[in-house]
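**Student:** Full structure from sequences and hints, please.
Listed below are the residues making up each chain.
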Amino acid sequence: MAVVHIEKLCKTYQLGLVQLSALCDVDLEIEQGRYIAVMGPSGSGKSTLLNLLGCLDRPTSGRYRLSGEDVSTLDDDQLSLIRGKRIGFIFQSYNLIGQLNVIENIELPMFYQGFSEQASARRAGELATMVGLGDRLKHKPSELSGGQQQRVAIARALANDPVMILADEPTGNLDSASGAEILSVLNALHQQGKTLIIVTHDTEIAARAQRIIHLLDGRVEREIHNGA
Amino acid sequence: MLLFRLKRTLKLGIKSLWMHRLRSTLTTLGIIFGVCSVIAMLAIGEGASREAQESIARLGSTNLIIETVRPPEEQTDTGNVETVKSYGLTYADAESIRNTIPNVDVAVPIREIDQEARYLNRKVAIKIVGTIPWYTEISPIRLMRGRFLSSTDLHHQLAVCVIDDQVGRKLFAFDDPLGLDVKIYGGYYRVVGIVTRAATGKTTDGFDRGPAVVSGDSGGVVGNIYIPLTTAKSRFTELTASFSGGSQSVERVELQKIIVKVTSNRQVLQMRDIIDTLLNHIHDKQDYQIVVPLELLRAAARTRRIFSIVLGSIAAISLLVGGIGIMNIMLATVSERTREIGIRRALGARKRDIIVQFLSETLLLTLLGGVLGIILGSIIPSLVTHFGHMPTIITGGSLVLAFGVSAAIGITFGLYPACRAANMDPIESLRHE
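Which chain is which? The protein sequence lines are X and P, in order.
Each residue of the first sequence is one higher than the one before, starting from 1 at the first, in the working numbering.
Each residue of the second sequence is one higher than the one before, starting from 1 at the first, in the working numbering.
Calculated directly from the structure, the hints in this document are not laboratory data.
All of these numbers come straight from a predicted model, not from anything done at the bench.
Be a bit skeptical, because a hint or two may be false.
Straight-line C-alpha distance at most 30 Å; calculated DSSO-like pairs for lysine-lysine [what the hints assert, rightly or not]:
1. K261(P) with K285(P)
2. K233(P) with K85(P)
3. K85(X) with K351(P)
4. K7(P) with K140(X)
5. K170(P) with K233(P)
6. K138(X) with K85(X)
7. K140(X) with K85(X)
8. K140(X) with K15(P)
9. K140(X) with K351(P)
10. K11(P) with K138(X)
11. K85(X) with K15(P)
Reference listing, derived: stretches of chain P covered by chain X, where coverage requires no fewer than 3 residues with Cβ under 8 Å from a Cβ of chain X [stated by the list, open to error]:
12. 8 to 22
13. 426 to 432
For every residue, glycine included, the Cβ atom is placed at its ideal position computed from N, Cα and C.
**Tutor:** Written out as structure tokens, the structure reads:
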């Protein structure tokens, strides 16, 4: 079954008197376990698409089904629930909370889903170990390198075992070595069957994906399917 | 699970407050001073009113005090420079009250004379109180040693006296006054008893509140010496001379006071009218006044309420200012942590989760301020008592009030910033630097 099913999705912003169409008539279907790259110049609607996919925003028109459920008309609390349970976010600038240590950052999504203290601590520990930070559980983000911080963010994104992981330029702030590490972690996730959607400028990263979606001026310009 | 949430939320709150220690401290100070002033003001107000009430209660709520007052000056002087003006309460008045008015427990006539008492080479200024044995019924004095005046003393006009313990200390120093003779105005009086002014009820302070029933203007008077009324009548003149405006006037006053005790305090007000009618009939001048402690008590209670309201509202305003300070800081905190809010929202936090987070931070601040304010507010009144010589009473009610108000302020002034945080657009917040 398709994880993402989008029909005629539009998003327009009202900027003063001008109507700005960020996305227009996008149709998209993403199967479970796919590795998708979204590319396009800035202003092409990548971020808008990602926000809509991540249920951070509601479309102006069109329909978005996530795992078969229509989420385009849900209210704020319901969207929060979906973000917490089914979607994992990875940001370019990591977006860890500075006051919290590694384990607490990873626990955050579980905290909002009402996990017990023991269960969330255990799972956060496992995830941290999985991304190779088992020995840095009590460190603050500021005490970690960029690559390590992004790995914490990946662990956090996995906390509630989401159906889909959305990554917005995950290697954008990293040097090439750390970037490669992050990509290999993401690759491993894909191997485990996670659905992965990555927004990137980097053609090398895009080349690893099974499918590349090129956006231009809010429309899908072309799609490239890599073998698979 | 709920406990975990609470723990996490509190931990996070403490953490972020701790990160901005100076800011948190300054913000809390507003609440601390607010709460502290509420408690201190209420304590001072309560102390003052309690003091007033106690000194009135000492007069006895079932007592009526009839006092001699100088009648209004009449312009009927016939050129005679030296006249003897007689006015005031008389022995006959006391008799009439005792004999004609029902429900009178006792009517105690009192004659007061300012004199000097001597013993060996020591002398002190005292007030002679000529009275009858039933004086103990209407006054809160308590017998420490020996006995009070008796009917026999009264009947035989004996030269005996009962002294205040303060007089005893001043005059006799280390000697035991019982059985010794004190010299007053050329006569000797044997000390048969020592009394002390009993404190009615508990007070938080040990201040001397001046002579009990027979107070008046007792400049430099150490205390009272009680002698039988008959003795006072036969040994001391009722005339007092005074000079004013070049002319000499001599006044004659028999009794300074008559204190009437009724059986229950329901009868007090009614009794005042009866006595007033009686005395009005006998006296052709308005040379007496009737003081009713019960009325004073009620008036004092009214005053106290007003006093508390005034002090309380001043303190409440300072709490309000503290609350506004908190709101200000929380708004700053919210805008500073916009990005964190965005992250939390992206990770599944609902609006109400964000509200809870910020509200609990505000509450933490105000409750901390409340607790510290209560501690400080409990210290200040005792300092006021110690240095300012004013009685203060901290009531449990004022503590609860102060704490409750600070919590209420935390919720009121924390709600708006918290809602503002919750209503931020998650996408915008995530972009925020």
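**Student:** Take the C-alpha atoms of K140(X) and K15(P), compute the straight-line distance between them, and say whether it is at most 30 Å.
**Tutor:** It holds: about 13 Å lies between the C-alpha atoms, which stays within 30 Å.
**Student:** Decide if the proposed pair is consistent with the structure: K140(X) and K351(P), CA atoms, cutoff 30 Å inclusive.
**Tutor:** holds, 26 Å
**Student:** Quick one, are K261(P) and K285(P) close enough, alpha carbons at most 30 Å?
**Tutor:** Status holds; Cα separation ~24 Å.
**Student:** Tell me if the straight-line CA distance from K7(P) to K140(X) falls inside 30 Å.
**Tutor:** holds, 20 Å
**Student:** Check the hint pairing K85(X) with K351(P) against an upper bound of 30 Å on the C-alpha distance.
**Tutor:** Between K85(X) and K351(P) the Cα gap is close to 16 Å, so the pair holds against 30 Å.
**Student:** Check the hint pairing K233(P) with K85(P) against an upper bound of 30 Å on the C-alpha distance.
**Tutor:** holds, 18 Å
**Student:** Quickly compare the C-alpha distance for K170(P) and K233(P) to 30 Å and report which way the hint goes.
**Tutor:** Holds, because 26 Å separates the two Cα atoms, which is no more than 30 Å.
**Student:** Do at least three Cβ atoms from the region 426 to 432 of chain P come closer than 8 Å to Cβ atoms of chain X?
**Tutor:** holds (count 3)
**Student:** Under the criterion that the straight-line Cα-Cα distance not exceed 30 Å, is the pair K140(X), K85(X) satisfied?
**Tutor:** holds, 25 Å
**Student:** Would you check the hint for K138(X) and K85(X), treating anything up to 30 Å between C-alpha atoms as holding?
**Tutor:** Distance ~25 Å between K138(X) and K85(X) Cα, so the pair holds.
**Student:** Taking only the CA atoms, is the gap from K11(P) to K138(X) under or equal to 30 Å?
**Tutor:** Status holds; Cα separation ~15 Å.
**Student:** How does the coverage statement for the region 8 to 22 of chain P fare against chain X, requiring three or more residues with Cβ below 8 Å from a Cβ of that chain?
**Tutor:** The restraint on the region 8 to 22 of chain P holds, since 5 of its residues have a Cβ under 8 Å from chain X and three suffice.
The structure is consistent with each of the numbered hints, conforming to all of them.
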